[in-house]
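Top line first, the protein sequences correspond to chains A and V. In this text, residue positions in the first sequence follow the numbering used here: the first is 5, and each later residue adds one. In this text, residue positions in the second sequence follow the numbering used here: the first is 43, and each later residue adds one.
Derived DSBU-like pairs (lysine-lysine); straight-line CA-CA distance at most 30 Å:
id, chain 1, residue 1, chain 2, residue 2
1, V, K791, A, K67
2, A, K154, V, K791
3, V, K196, A, K93
4, V, K237, A, K93
5, V, K644, V, K345
6, V, K196, A, K97
7, A, K93, A, K140
8, V, K791, V, K483
9, V, K237, A, K97
10, A, K152, A, K93
11, A, K67, V, K237
12, V, K530, V, K483
Between beta-carbon pairs, the in silico distance windows are:
id, chain 1, residue 1, chain 2, residue 2, range
13, A, H131, V, R777, 44 to 52 Å
14, V, K196, A, V130, 36 to 44 Å
15, V, L122, A, V130, 46 to 54 Å
16, V, N148, A, C114, 50 to 58 Å
17, A, K93, V, T783, 40 to 48 Å
Quick caveat, the hints were computed from the structure, so don't treat them as lab data. Predicted model, so just to flag it, every value in this text is computed and none were measured. Ideal Cβ placement from N, Cα and C applies to all residues, glycine included.
Here's the letter readout for the chains.
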Amino acid sequence: MQDLSRADLAEQVIPSLQEIQERLGYIPREAITWLADKLHLSEQEIYGVASFYNNFRFTPPGKHHLRICLGTACHVQGGDRLLAATSEKLGIKPGDTTSDGRYSLERVACVGCCALAPAVVLDDVVHGRTTQRSLKRLLDSIDREDRKAKKSEGGSQ
Amino acid sequence: MPSLTIDGKRIQFKEDGRTILDIAREEGIYIPTLCDHPDLPPHGGCRMCLVEVEGMKGFVTACTTPAKDSMIVDTTNDALMKLKRNILQLLLIEHPSACVVCAEWNTCNEYRSQPFKSGLITGCSTCPSKASCELRDVVEYVGLDDLGFIPRYKEMPVEKDDPFFDRDYNICILCARCVRVCDEIRGTGAISFAKRGHETRVDTAFGNSHLDSGCWFCGACIDVCPTGALSPRMMKWHGTPDETVETTCMLCGTGCQIEFDVKWNKIMASHPGSENSEPNRGHTCVLGRFCIPSLMNAPDRLKIPTVRREGVSIPVSWDEAYERIAEILNETAPERIGFVGGPHLTSEAAYLLQKLARSAIGTPNVDFRGSGFASLVVRTLADTDSFAKVGTLRDLEKADWIIAVGGDFAKTHQVVAKSCYQAVARGAPLILIGAAGVNLKRWATEHITLKAKDFSTILSQLAEDDEKLKGVKKQHVEHIKSIVSKGKGAIVFGSGILLARNPEEAMTALLKMIGDKGRIYPTFDYGNEVGAIMAGLQPDLLPGLTSVTASSVRKKFEALWGKKIKAGLSLEQMRMAASKGELDVLYVTDGSLPVKGFKKVKHVIYQSPFPSEWIDRASVILPAAGFVEDSGTVVNMEMKQLKLKQVTPPIGNSKQDWLILTELGRQFGSEGFKYKSPKKVAKELREFAKELGSGAMVEVEPVRKAPDWNPAYRGAIIAERIRDLKTFIDALPERERPLSTESMDDFVKRLSEQESADTQVKEVA
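Make a model of the complete structure from these sequences and hints.
Encoded structure:
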């Protein structure tokens, strides 16, 4: 990036942040420092951009990433109540990750499945017409699978 | 000539990109603004300057709309004012807005600049505001009588953890002035807007301390803040000053104009001077902004002359002190007496010190504690008759390319760095030579890292247009050469140049490379090194940079002063002589001079505003005035003569250096000491300096290690006296690392590995 002008370098902020998040899952603190060095900007200038956009997160995502839709249709169908209940169950605010690193929760605005409202996306799989009960069942089954997988992993050693 | 109409007033103007706001202001038409500041480019953020222009859709911001011929502008119609009132009401939701509808408004206005008292009188404790709150002025003009919306107090704690200033973001209106001045003018970017919507606030990355965010504590953010959100911690409780006086700061060689608030004959606060005052134009550094009042009002300032009798220092009158000095000097052979000045004396005092030594006492041993750097620069410039090649900071901002070598100006000369950045922001490439410039790294197009002793090699190679450049890879050589071959260049250099294998060669090369179009910018470390040399405070130079070996000029001085003049001992030679017991009396005016080597001297006469290790061995102590209490002239890095204006009377019983030296001259019955004011001294000095002589030998003491930046003033180490400055200086090494060169792939790989290691540790635990 040495040959780029200062303005060209500044234009690289968002694409670089996107690449980092794509590859690491989030924007670690070190990444801001590293990128500031690379783009000849201050850490503050990078952080200002990164903290402006909801898309960028500063905490690592959980093993399972749960997104709850609050688009118009989902909101009307009770998406907000679903989010509040899940938030309470997991003990985290939207945007955060549980302390055991298993789940991260995010609120999104429309995932394009309005006919299935309220929609929930768990690890890139859409689950439609979700209720608090069906979401609990879904998370429980994930927990069971993970325990099983861990056991077999432990047994094979 | 094009003309436009504002509020029915026809105005002729020149179409040169000036905005409607600029024209209105020139004509004395008030348009309210909050985000606009004369120092900053137009922003268009606060929407307070909205105006209606016939033929243009909707309302436009006067601060960003260039004035055009035959525009018809309305600034006050009902629709506009209603709109402004609504915008202001929205803006005040997040400001402790009770202030603007408070029943105590008038009382508060009266006492506003004394927030402490104002709080007691009005019962208000929301704002540490300064004498003027621009937000209130705008509210008054727009005419709000109710708030309109429910206020939403942000409940953020006042931030007091960082050195020098307090920040209360509860009263911040997000005008972005501080963010813009830090980023666009100073090139620091230590603060930025974080988050968005209601959560928006001015912050550092991850809320880090300002010590880690790259902040230089120059205080520019405080100076542009329109509310009381940012305030200097030590300077906000003194209320309305009795007067304000602008003078030259002597803490480094830049020569900044600083304005002081004076109350009860003491300096209470310092601000950068007016934006029209050269060279700093409304900017300053951490020292000028925050440190001078505490330094000058220090309780341990020397206030009374003392004389040592039987091992005990006894306070005496000035006359008794002078008599004792005369006694000491008269009983000693002149060649066994040495006079050592300092780089913080005014030109007048420096001139008088060497005149006292050479004419009244008859000793040739005069020198001053300098960096050797000024000596190299001034003597080379005199030798090659190239004083015209020294540029002003205004020139620097217009340079087409910049080379920075031998200094870390972002730290040591923050105002020079600001001018550097202005050129960089305009697109001028900056080539950084050496590791010392690490704090300028973000601005650099090319960073040549090589050992300081190779400075002379690379500068010669650049000057001679060699095929190769020391320490530079082949593909960069072409790039660097193409940069320096065009346009008006600028070479900013500092005392680090003395680390070069051959500093004289480096200096000559640098002058050759810059040619006739470019300019050089020597960043001197102390207030008046150049002035001291020009005044003849050198063992081998007479006033006016004439060598003592130039017989015609010397004879003139000899006739005038009635004493034979010859070359004397330099400071180092005096130290040698003293250690051999060949020097009996030393007259010291700078406490920063190390005592080492002078322990065998029988009598020390110490003249300074501050105590130092010298006072324990001084036979006579003369309390001198600090630079804010002195008047005279200094010569700054631009080779300009700047005035020192007396701000406060000398503290206690102390006296200005020129006065002490004049009275002492009279004590010796010398005819030439009848000055009534430093102006008379300056006039005499000017007479001599007219015939700028030649034959100044360029001699440089080799330097092996650059000293750490630790600003001092005549024996007072400033960081030892001001805790905040020490905190700041201590935090610097952490920040001074080179830019990362890791690629994206390597970085991601390193981070992933680090994280999986972390998780394993966690799982094991």
